[in-house]
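J.: Next come the chains, spelled out residue by residue.
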Amino acid sequence: MRYQSLLIQAVFNQDKDSPEKSLNNTQQENELSSKLITKPFNDNSVNTSADSSSMQVNTQNALSVYRNNYIMSGIGALSITYSTVFAMMDEEDFRKLSLAYLKAYPKTCFDWADYGQGLSEFMLSIDALTSMPFLPELADIDWRLMQIERASSRAFDAASFSLLQTKPLETLRFLPGIGLQLTEALFPVQELYELAHTYEDECLSHSAQVQKQTSMNKVQGLISSAIKKPTYRSIVLWRQHYKGLFEYCDEATSNAFRSMLSNNSVSDVLSHFGDDQSGMSRWLQQSIASKKVCAIVIRARSL
Amino acid sequence: MNPFSVTEQPNSLVGVGLRHPHYAQALSDNPINTHIDFVELHAENFFAKGGIALELLQDAAQKYDISIHGTSLGLGSNMALPCDTLAQFAHVVNVSNAKWVSEHLCFNRALVNGHVLHSGDLLPLAYNQASLRVLATNIAQVQDKLKRPILIENLSSYISVSQIDPMQADEMSEFAFLIALCQQAGCGLLLDLNNLIVNALNQQQTNVVDYVYENIKQIPAHLVGEIHLAGFSDNKVNGFIVDDHASAVSPQCWELYTRAKALFGNAATLIEWDNKLPTWEVLVGEAQKARF
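One line per chain: the protein sequences are B and Y, in this order. Just so we're aligned, residue 1 is where the first sequence starts under my numbering, counting upward by one. Just so we're aligned, residue 1001 is where the second sequence starts under my numbering, counting upward by one.
These are computed hints drawn from the structure, not numbers from a lab. No residue lacks a Cβ here, since even glycine has one placed at the ideal position from N, Cα and C. Any given hint could be a false lead.
Each pair of labels, with its calculated beta carbon distance range [said to hold, decoys possible]:
#1 Y:D1084 <-> B:S262: 24 to 32 Å
#2 B:P230 <-> Y:A1130: 41 to 49 Å
#3 B:S131 <-> Y:A1140: 52 to 60 Å
#4 Y:E1281 <-> B:A300: 54 to 62 Å
#5 B:S131 <-> Y:Y1023: 36 to 44 Å
#6 B:T171 <-> Y:Y1023: 41 to 49 Å
#7 B:A300 <-> Y:A1246: 34 to 42 Å
Use the sequences and the hints to build the structure in full.
T.: Okay, here's the thing in C-alpha cells:
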C-alpha cells in the first residue's frame, strides 16, 4: 500500500527548502514527483496529453484541499494550545509561525491537543521574533498550562491534613496538587499573560483602554529591565479546579516545592523556611487553600 | 431487524453534533433540549486524562444518549493502532456509555522515511481486497477492545488513489466495498448523505440526488445504524466543493434523506454542523426538521 506513504507525503508537501528535510528521502520524493507531475495516465494510450495535463492539475488541486485542511487544522490547534502567544502576536504573524512549525514538525500524534510541544524552542530559531524575545517563555507557559489542564484528576483530601498534628513530620509527605511543577522565566510572563487575557474583548470601554495602556507601559518597563539586568525568577504551576494557574515564587518557596516534588518528608520540605515560622505557616495555608498540595500521606519506609 | 439500531420504532432517533460553544446550553434546563434524542461527540475532544473535558462528557452522558464519533483512528492505515490511543478511545466510549460508536472509511497514517506521520485528515482508500483486509483487521482490533460492533462512515474525498498510484486501481465500487467490509468485519454503516452528495457534485454528476439514491439502494437496510445530514459551502476550494460542515443541511440532502428514510427507517439521524456554528436553537431546529 505504497500509495498511503505517497499521499501523506504529498499532503505534508515536504519540499527541499523545508526545515523537515531530514524526514525526506530523495528517492521517495522523486518517485512521488514522477507520479504527480509526469503521467498519471500515460499507461493508457487513449489519454491525450491535454487529458493528462488536466488530470495533473486536478490532482494537484485535490492535494491542495487536503494540504489546506491540514494547515488550517494545525493553525487552529496551535492557537488554542498557545492562546497567550496567539493573543500577543499579530494574527498573520502567528499564522506564518504556525505554518513554519507545521512544515518543520509534521504531525505524528493522533490528537491535535498533543501537537506542538517544541514550539517554544522553535521560536528561538526564528529571526523575525527577536523583537519579541519574551514569546518563547510565554509559549513554554502556555504548553505547560495546557498539559496541566489535561492531567489526571486527583482528589483533595482535607481530612488528611490532620496528620500534621498527630504524626511525626519525618514520617509524612505532601501529595502535590494536580500538575504541580516548577520552571523559571527571565521575562515578566505573569504580567504578559494577564495583559493577553484580560483585554481580549475587541470593543473595550474607554476606561478599559486606559487600563490596558497602563498595563502595557508597565510590562514594557519590566521587559526592558529584564533585558538590561537578566534575572531568572522561579515560577510554580498547578491546577485549581479545572484551571491551570501559575505564579512567581521566592527562593524558599521554590525550594520547598522542589523538595515536595522529590517526595521528601514534610519536615524536609518545611526546613527550607529555616526560622521563618510565619513564612512557613503562610506558605502551608496558601498551598492548601490553592490546591498546590492535595493531601498528606504517610511515607513508605525506605528499605 | 437492524442490529445497529437502538430502536425498532418507525420514527428514528434524531440528534445533533455537540460542539464546544454549545456545551452550556445543551447541558442547561432549556426546554428545547427535550427535542434532542442524542448528541454526537468527537472522541478526540475527550482524550485528556482528566480535567473539565471528562467532567463534561459525564454530564452530557447523564442528560443524553451519546454517539461517540472518532475522527483520528484512520482504520484503513496499513498499521495497527497504538494500544494507548485505542485505550483512550475505549475510555471515552465507556465513560459516556455510548449508544453508537463510529469511525471513518479512511487512512491517515503512513511510514514516511522511518517516521509515522499523521495527516490530521481523512484520506481515501483504494477500494480493493488489500484495503478490505487492512480495514477488517483494524476494525476487529477496535471491536475486540470495545466488545461491540462499530459503524463506519463513508467518506467525502477529492482524489482517487489511482491518481497518486495508477497501480492501485479500484477493484469494486464504493458501495460494494462498504457492503463487503460490513460482511468481513461485522461492523455497520454510518451513512453520511452529505458526503455522497459532495462526491457526486465533485464528480460532475448531473442528477445528484437520483444518482446517490440509486447507489444507496444497494445497501441492505440492516447495515445502516446511523445517518449524517449536513450542508456544504457554495465557495469552492481549488474547484472542489468541500465537505466543511459549515452550513445548514442542503436542500439536496433533505431531498435525499426523505427517500433514504424509506430505505433505512429506524437508523438514527444526526445533524452534523461543526464550523461556523449557528445558535443552539437553530441547530435544534434543524434536528426537528428531520422528524417527519
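J.: It remains to establish, for every hint, whether it holds in the given structure.
T.: Results of checking the hints against the structure:
1. Y:D1084 <-> B:S262: 24 to 32 Å: Holds, since Y:D1084 and B:S262 (Cβ atoms, about 27 Å apart) stay within the stated range.
2. B:P230 <-> Y:A1130: 41 to 49 Å: 59 Å, violated
3. B:S131 <-> Y:A1140: 52 to 60 Å: 55 Å, holds
4. Y:E1281 <-> B:A300: 54 to 62 Å: 56 Å, holds
5. B:S131 <-> Y:Y1023: 36 to 44 Å: 38 Å, holds
6. B:T171 <-> Y:Y1023: 41 to 49 Å: Given range 41 to 49 Å: holds, Cβ gap about 45 Å.
7. B:A300 <-> Y:A1246: 34 to 42 Å: The hint (34 to 42 Å, Cβ to Cβ) is violated, given that B:A300 and Y:A1246 are roughly 55 Å apart.
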